[in-house]
Amino acid sequence: PWTSLAEFNLLGVLKPAIPSTSTNFTNVIWRNTSSGDVAVWRMNGMNITSVGFPGSISTDWNIEQVGDMNGDGEGDILWRNTISGVVGIWLMRKEKILSSKFLGGVPAEWVITGSGDINGDGKADVLWRNMSSGMVTVWFMEGLSIQSVGFLGKTPTVWEIKQVGDVNGDGKADLVWQNRTNGTVAVWLMNGLTITSVGFPARTSLDWEIQILGDINGDNKMDAIWRNTKSGMVSVWLMNGTTIALPGFLGGIPFEWEIRQVSDANGDGKGDIILQNLTSGKVAVWLMDGLNINSVGFPGSTPVTWKIQQ
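Residue numbering for the sequence shown follows my numbering, beginning at 78 and increasing consecutively.
Hints may contain errors.
Said to hold, decoys possible - Here are the computed lysine-lysine pairs in the DSS-like style, where the Cα-Cα straight-line distance is at most 27 Å:
{"#": "1", "residue 1": "LYS249", "residue 2": "LYS231"}
{"#": "2", "residue 1": "LYS307", "residue 2": "LYS359"}
{"#": "3", "residue 1": "LYS249", "residue 2": "LYS171"}
{"#": "4", "residue 1": "LYS249", "residue 2": "LYS239"}
{"#": "5", "residue 1": "LYS249", "residue 2": "LYS178"}
{"#": "6", "residue 1": "LYS231", "residue 2": "LYS171"}
{"#": "7", "residue 1": "LYS384", "residue 2": "LYS173"}
{"#": "8", "residue 1": "LYS384", "residue 2": "LYS171"}
{"#": "9", "residue 1": "LYS359", "residue 2": "LYS171"}
{"#": "10", "residue 1": "LYS384", "residue 2": "LYS359"}
{"#": "11", "residue 1": "LYS307", "residue 2": "LYS384"}
{"#": "12", "residue 1": "LYS178", "residue 2": "LYS384"}
{"#": "13", "residue 1": "LYS298", "residue 2": "LYS239"}
{"#": "14", "residue 1": "LYS359", "residue 2": "LYS173"}
{"#": "15", "residue 1": "LYS298", "residue 2": "LYS249"}
{"#": "16", "residue 1": "LYS231", "residue 2": "LYS384"}
{"#": "17", "residue 1": "LYS171", "residue 2": "LYS298"}
What the hints contain is simulated information worked out from the structure, not anything from laboratory work.
Please model the complete structure; the sequences and the hints are all you need to start from.
Structure below.
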């Protein structure tokens, strides 16, 4: 089902690249929701330096996660077939598929809830949740192979795993939960299969949803970026383990804009926010410095059938 691509026009409208001396590159992975095609923007700051089309796969396959499964610093693509439950991986090198493999089928009641380096070996692991029993499972990854499988235990299904990322700066990804009935947020600090600490940093209104984690202030701890589903307001928790070091608001944005990715676009050691307009196809980049948006750029736009994956 994975075939090579003919050329497609993903760029639509593209701002001319501005010469830059930075060697920092960010990959933005796209999926065409109609055709199943995959594309990669290679970005340097606000500029698209190259566009690649690594492959195409039928639309009954979903991109579940993008994470570095083999420790080479490149985001790899984790797939799942919505009909059969089969899981597959593309190991990526810039805009190309380095290698790929099917990992086998998983029953439908198990869903992939995140990926991150749970054991600190430099490779992203895959987090699963059984939506019937509440059991949490980890696949510890070694490139195209599942090195081992472990179980973290059961939690009531009213608790949802919202994000996976290193919130205490120890090099190991942690779990951020939210209770869907009362809004309470919980954090599990992880060391492999050991939950080293549990904290409850706050309770929020159910109008607020955690969109993504990213280190936007450069302290090597992932911060939580929130969006209010009624007002469009964006807020941030600068995190320090299980506590909120500093909260703040970034402002409101129209609902057609979605926060799709956080990565260091300009090489200053701080995560920047990449947004996509689902109506116009425009892409925006917020260059971040903690709770401040230093500048905003619009590197390009795409047909609306293309969506940034995370």
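Holds or violated: are the alpha carbons of LYS384 and LYS173 at most 27 Å from each other? Distance ~19 Å between LYS384 and LYS173 Cα, so the pair holds.
Do the alpha carbons of LYS249 and LYS239 lie within 27 Å of each other, as the hint requires? Holds, because 17 Å separates the two Cα atoms, which is no more than 27 Å.
Given the hinted pair LYS249 and LYS178, is their alpha-carbon gap at most 27 Å? holds, 26 Å
Below or equal to 27 Å on CA atoms is what counts here, so check LYS359 against LYS171. Given pair LYS359, LYS171 holds - Cα atoms ~23 Å apart, limit 27 Å.
Next pair to validate is LYS384 with LYS359; report whether the Cα-Cα distance is within 27 Å. Cα-Cα ~11 Å, so holds.
Assess, step by step, whether the Cα of LYS178 is no farther than 27 Å from the Cα of LYS384, and give holds or violated. Holds, at roughly 24 Å.
Pair hint LYS171 and LYS298, alpha-carbon separation not exceeding 27 Å: Holds: LYS171 and LYS298 sit about 26 Å apart, inside 27 Å.
Is the straight-line distance between the alpha-carbon of LYS384 and that of LYS171 27 Å or less? Between LYS384 and LYS171 the Cα gap is close to 19 Å, so the pair holds against 27 Å.
27 Å limit on alpha-carbon distance, applied to hinted pair LYS298 and LYS239: holds, 17 Å
Taking 27 Å as the top limit, are the C-alpha atoms of LYS359 and LYS173 close enough? With Cα atoms ~24 Å apart, LYS359 and LYS173 stay inside 27 Å; holds.
Given the hinted pair LYS249 and LYS171, is their Cα-Cα distance within 27 Å? Roughly 25 Å between the alpha carbons, so the hint for LYS249 and LYS171 holds.
Is it true that the CA of LYS231 sits at most 27 Å from the CA of LYS171? violated, 38 Å
Hint compliance for this structure: hints 6 and 16 are broken, all remaining hints hold.
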